[in-house]
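Engineer: So the chains spell out like this:
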Amino acid sequence: MAINVRIPPPLRPATDNQGQVAARGATLREVLADLEARFPGVSERLYDDGGALRRFVNVYVNGEDIRHLQGEDTPLKDGDEVSIVPAIAGGQPEGSS
Amino acid sequence: MSADRAPSEVHCGSGSRSEGGAVALSPQCARRLVEHARRAYPRECCGILLGLTGERTVVCEAQPAPNLRGGEAADRYEIDPGEIVRADREAEDRGWEIVGFYHSHPDHPAAPSPVDLEHAWSGYLYLIVSARRGGGADIRAWVFDSQHSRFHERPIEARAERDETCRDLCAGGETTRWRST
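Just so you know, the protein sequences line up as chains H and P, in that order.
Position one of the first sequence corresponds to residue 2 (my numbering), numbered consecutively onward.
Position one of the second sequence corresponds to residue 19 (my numbering), numbered consecutively onward.
Take these hints with a grain of salt, some might be off.
Selected chain H positions facing chain P (Cβ under 10 Å, derived; list incomplete) [unchecked claim]:
#1 7
#2 14
#3 57
#4 59
#5 61
#6 89
If you're looking for bench data, these hints aren't it; they were derived computationally from the structure.
In this text, a Cβ means the ideal position worked out from N, Cα and C, and glycines have one as well.
Isolated chain P, as found in the complex (with noise of 0.2 Å):
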């Protein structure tokens, strides 16, 4: 991490939501994305990302939510919003906040569809676990632009998970860069 920074410097949490920035995500909590989407397959799984956001979006955890829209068709998604509150008032509690949300597309890219643009939020990131048949899975990043209507792709970083926290790495703590699955 970078020690010639004092924190007291860097806004993190709610009101400095860094939409340019790249995605901190540890591991761990790439292995459970990927683990939840192949649970899912050949059906599509989603859940809420807490965190924070400050130099870089950082997952502190992601929680998986049922998929309300599961039972009618495999290629769509929507979270219970009951679940959103309950993890807002958790994230609040612990210190984070709800940074975004994820969900699996089954042997499709990990890039937004049509039907992700049209249901998108600005605000929030968004990260697409693509599950492969075979096994194979990938994680990708975005963040949806209301004024262009467009998702941009956000780089996603690897973080140490036993000696970062998340209020370091948020704060601009160094990272390795990503490699997916």
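Extracted from the complex, chain H is given alone in its bound form (with noise of 0.2 Å):
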């Protein structure tokens, strides 16, 4: 089955600048799996040694956040849309306001 994969920005030049990439797999793990298979190098951005997904990174599944789901076992099925998300955050020096 196909899933649609939304590549972020700074993902792409591991996907060879593509924005969107149709991964196959029946959970978010295995389309994350597959993904890595054709794309080698974007699991290393995604998970961190420990073997789990990097903070800094948000994964969303149809509009919904991973963690509101049931994680990488959140089950997928055709013409579902996986989004990847870096988190964007920031702000002042230590102390500043």
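Please assemble the complex out of the two chains, which come individually in their own frames, going by the hints.
Structural biologist: Shown next as structure tokens:
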């Protein structure tokens, strides 16, 4: 089954500059594994050394945060959409305000 | 705009991110950023930039976003990732993409802080609005160079609102130099 994965700009150097990629899998874990199989190097940007999704990487399925679904075990079906979204944050120097 | 150049010769949109180019920002967008920064003052504000990337990065629309960190500290921001997912779809529907993000630095220069550096991603434009107590404001544009772990500043150009479309500008249309407020 084909799942559309939306790739954010910081990750596109690893996906031949493609902003959307069709991947296969019955769960999010399988889809991300398929992404790595097709674009080796993607995983190390998504996962930390312990094999968990990085803290600053958010993953959404059909507009829902996977933390509110079943995480990487979230089941996917044909036509579902996965969005990989980097955490956008920052601020002024400590104690500046 | 440059009439000697067919739009088809120029790549606009996804897959052609030109991190070395200038930034085109309409006075209307610039005003919106400054107004948002002033409303949020003395707290930081943040938002999402929709537009096109080609010979330059054209900001077509700036959308204010809730600051997830606004409740805990005046000097931090984090954009709700759900808002980014929503904006990404909207941008696609309108033939644009998310080109970057903006945030304000109340009473601080419009330059990236160490905290900004710590959270920076390559491939996005970061506009920083400096909002001063007296009402003065300044906008500067930055892109993150992940190889050297540093930000590079990009020039901001004003674009006329009536006779230029985002796509024309992305394809190399003329702009005038931006003057900060």
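Engineer: Compare the structure with each hint and give your call.
Structural biologist: Against the structure, the hints:
Interface restraint check: residue 7(H) against chain P, minimum CB-CB distance 6 Å, threshold 10 Å, status holds. With 10 Å as the threshold, the beta carbon of residue 14(H) comes within range of chain P, its nearest partner Cβ sitting at about 8 Å, so the hint holds. Nearest Cβ of chain P to the Cβ of residue 57(H): about 7 Å, under the 10 Å cut. The hint holds. Contact between residue 59(H) and chain P, as hinted, is supported at the beta carbon level, the nearest pair being about 4 Å apart and thus within 10 Å.
With 10 Å as the threshold, the beta carbon of residue 61(H) comes within range of chain P, its nearest partner Cβ sitting at about 5 Å, so the hint holds. Hint status for residue 89(H) relative to chain P: holds, with the closest Cβ pair at about 4 Å, below 10 Å.
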